[in-house]
Structures are given as structure tokens and as C-alpha cells.
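**Q** This is what each chain is made of:
Protein chains: 2
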Amino acid sequence: MDENDALKISRLVALKVKEAILSVPAEKRGQFFARGKSGVTKLIDKVAEDAALEVLMKEKLRVLSEECGFVGEGDIFVALDPLDGTFNAVRGIPFYSVSLCFSDSEKLKDAFFGYVFNLANGDEYYANENAFKNGQRIISSSEEDFGKMNAIIYYPTKVLPFKRIRIYGSAALETCLVADGSFNCFVDLRGMLRIFDVAAGIYIAERAGAVALDENGNGLGNKKFDLSERLNVVLANSRICRRLLELVL
Amino acid sequence: MDENDALKISRLVALKVKEAILSVPAEKRGQFFARGKSGVTKLIDKVAEDAALEVLMKEKLRVLSEECGFVGEGDIFVALDPLDGTFNAVRGIPFYSVSLCFSDSEKLKDAFFGYVFNLANGDEYYANENAFKNGQRIISSSEEDFGKMNAIIYYPTKVLPFKRIRIYGSAALETCLVADGSFNCFVDLRGMLRIFDVAAGIYIAERAGAVALDENGNGLGNKKFDLSERLNVVLANSRICRRLLELVL
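Sequences listed follow chains H and S, in order.
For the first sequence, the positions run 187 to 435 when my numbering is used.
For the second sequence, the positions run 187 to 435 when my numbering is used.
Just chain H, with the same shape it has in the complex (with noise of 0.2 Å):
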């Protein structure tokens, strides 16, 4: 399996998740089905994992989802999550997505396709070697004037001399805005994340010129496929990534 076949397969699973969302009526969509492997978890958000592995365990992959953990056989792991920003989906707020991430191994570092798709208005991101929004080559920002910035953060916890600060609520979309410029950094070291929330994301913002560090400084090439781990990250331009996670500690 090579990327181009990671992208078909990508495409296929956003749009079957869609039409599975589609289907839901709007005041079903925030209605609880079950308690799963990551907690609680919505109809919505069992609707569209159901969508999301009928095309995926057609392949030979090794699939880990939210709420069922590692299924699947092959030489390929993929990190999926099936609807990431479910509060912006049952509320019909414009800003969540499905996103998945392809890699050789168990580890982020290898990873070679991550693809994330806002279900609510089709903007489609993905990487290969490159990033794309939409089909158009996407690089990251170069700012380094912290008052210049516009800042994603989970949560602000003191006055903080961004430009401007904006929490969306998909962790997947907002790394894909730092991606493509859009915004110059994502931090979130609350230690929530799991790695199905941004390994999609954090590969498109890498292969366009960001770099991810965890609360140590330390790159996540090391970060694991793994419904228990929790992971904190800082993302941005290279030159100032150190500095950023200083700033916010």
C-alpha cells in the first residue's frame, strides 16, 4: 500500500462517515449509545466509526479507533478517529472532522499518509511527502514575533501576548490551520490528546514545515499507536517551538 492508496481510502471513509452523520437527525445527534474503550460515547460518534471501518476492514490494516481499540490484521497500523470535535457536530457548529493516519509501524515516525476532512464543509488536508488543502500545496508560517501570532491554545491559564487566540474544538482541523498557515501554533498540555486526535495532523503540519514537540521538548516521532497513552503538544515553526513551550509552561 503506498499513499496514493492511503488517499483513496481516505476519501472513501469521509465520505461514508458524511452520509452515516447525514443520516442521524439533528436532535439524535447528541444522544449517548454506549460507554467504549475512551468513555462515553455518542450515537454520532458510534455512527460514524461504523461508517469509517466498513471500508477500512476491507483492506489489511491494523486500525485503532476510539471506541474499539485495535482491530483489524495487516503490515499497515492506521490511526483513525471517526469524528474528532463531536460537541461542534451535535451543536451543527461547522468545525469537525474524520481523520486518519497511515504508518508503517506502530510509531508516528513512521507514518506516510495522514488525511483529515471537515465533515461539515469538505475542506479536505492531506500529506504525502507534501502537504495539500483542497489540492494546493500548503506550507506552514515562519513568524517568530509572539505578538504577531495567532495562537490555538488548550486552555490559556495567564495573559499570554499573542495576537489573537482561538480554540475551535477539533484538535484534528486546528493543527491542519497551523499547517497551512493560517495560524502560527497549537499547544494543548492539558495531557488529553490521544494520539488518533493528531497524529493525522501533526503529519500534515510536519510534512508542511512545522515541528511537534511534546512537553519535554522531545519530538512524538516515539509516540506509539495506543488508546492509553496521552500526549501534549506544541506545534509550530521550528525556530520558535522551544521558545513557545516556555512561554506556555
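The set of hints was computed from the structure by calculation and includes no laboratory data.
Warning: the hint list may mix true and false statements.
Which copy is meant is left open, because identical chains are indistinguishable; a pair holds if it fits in one copy or across any two.
Derived lysine-lysine pairs resembling BS3-like cross-links, with alpha carbons at most 27 Å apart [unchecked claim]:
| # | residue 1 | residue 2 |
| --- | --- | --- |
| 1 | 344 | 334 |
| 2 | 334 | 214 |
| 3 | 214 | 344 |
| 4 | 244 | 194 |
| 5 | 214 | 349 |
Given the structure of chain H, go ahead and fit chain S onto it with the hints provided.
**A** Only chain S this time, still in chain H's reference frame:
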């Protein structure tokens, strides 16, 4: 003019502004146009305002707008924000709006109609005596437990007890998210809001059952349609609004 006339006019404004924005190629949306009454104007702001005023100037209205101050003659005052969330609009993030607040005087307490339209996905909020989203009656939340609250705050500067914090970048739409119960509060104490940013959304949220206070705990009824005035706003249900103000100050 009654609230039915105001609704018709507002819908025509929304339609014309949407058409005008779609006519601007994506790569030109971020271009600067000129320096206006409230700072630098982007081309997309100018295009939106022209489209809105073309509709409004056919009516007997006195319109306060960001780029040009007061224009027109009439007994009815309108606070217009032709494009709230320019940053999002320029980047294709689907959360930006047009908003109009109609009042019998230049004070917010004499408002009789508020209208907010998400230009990206077509969600429509308005209030006459009651408040509506896409034609359905809405009411704001009655949550009193900070730990269960979803909060919109510009910007957190300390650890806060809320369940979830979001910052989407259009105060007009965000106050409507309080109106429909998607969020439990909206807070902006930076002293940066202008009346046209929040007049319509606050009117809608109050008609949905919420209460808006300034930084001193006073209602906003005496706030004037005036470009120079800057507002602080805490919007939530009446039972927690004062406690919320103490918490975030």
C-alpha cells in the same frame, strides 16, 4: 416599521452580503482596502458593508456601521455588522456572520429586533418577542454548576473551573450559541467589543432567557449605538451571571 419588516430587510441584507462575499475570489479576501472609522478595513469588509448598505439605504433607517459611522435618516436605528469574524472568513473557517439590531432609539434598551446569520453555513438566528434558530424557538440554559458549563471567554487568564472553553471568533454568533443553549456563557472583558459586534446577539440571547451585564454588574440597556464606545460583556442565565462575573474578573 415592525419586527416583520425588520426580518424581511435583514434576510435581504444577509442574502446580498453572502452573494457579495462569494463574488470575492478566495485569494483576494485578505487584501486590505483602506483605513476606516474603526481601523484598517479589509476588502471583504468593504464589499460586505456596501452590499448591506445598498439594501438598508432604501429604507428610512439610521444605520451605524463599522466602516462608515452613521448613515441614512429615519426614526429607526440599526446597529450593523456586515461581517463579524473577518479573520475566519479570510481563512475559510466556516464561522462568520452578518448581524443587525433594530431599535426605536439609539439605546440598546429600545431594541425590538435582532438578527444574526452565519454566512458560511446559513444558520439564522433572530428575535422579536421570542428568539429563534432556523425558525425553531430557542431558550438559553439554566445550568448553575460552573464545572458543567461550556464557556466562551475572551481570553482566559487563569485556571477556570469550566467543563469546556471555546473561542470561535465571531461574538455575534457566539452570543447566539448562548441563546440556543449550546453554551452556558459568553465573556469578553477586554474592553474591545463595539456595540454593533454584540447588540443583535445580546438582544437575541436576552429574549431567549439570558442576561447580559457589563464589568460593573449593570445591564447593557443604556449602551448607545456609538462607534467610540467599547463594551465589556458577561452573558449567562440570571442566577449565575453575577457569580460568573466575580469568577472571571
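**Q** Compare the structure with each hint and give your call.
**A** Hint check results:
1. Taking identical chains as interchangeable, the C-alpha atoms of residue 344 and residue 334 lie at most 27 Å apart whether they share a chain (18 Å) or sit on different chains (22 Å).
2. For a Cα distance limit of 27 Å, the shortest separation of residue 334 from residue 214 across copies, 21 Å, qualifies, whereas the shortest one inside one copy, 42 Å, does not.
3. In this homomeric assembly, residue 214 and residue 344 never come within 27 Å of each other (Cα to Cα): the closest approach is 38 Å inside a single copy and 36 Å across copies.
4. In this assembly of identical chains, the alpha carbons of residue 244 and residue 194 lie at most 27 Å apart only when taken from the same copy (13 Å versus 52 Å across copies).
5. In the homo-oligomer, the alpha carbons of residue 214 and residue 349 lie at most 27 Å apart only across protomers (22 Å), although the nearest pairing inside one protomer, at 39 Å, exceeds that limit.
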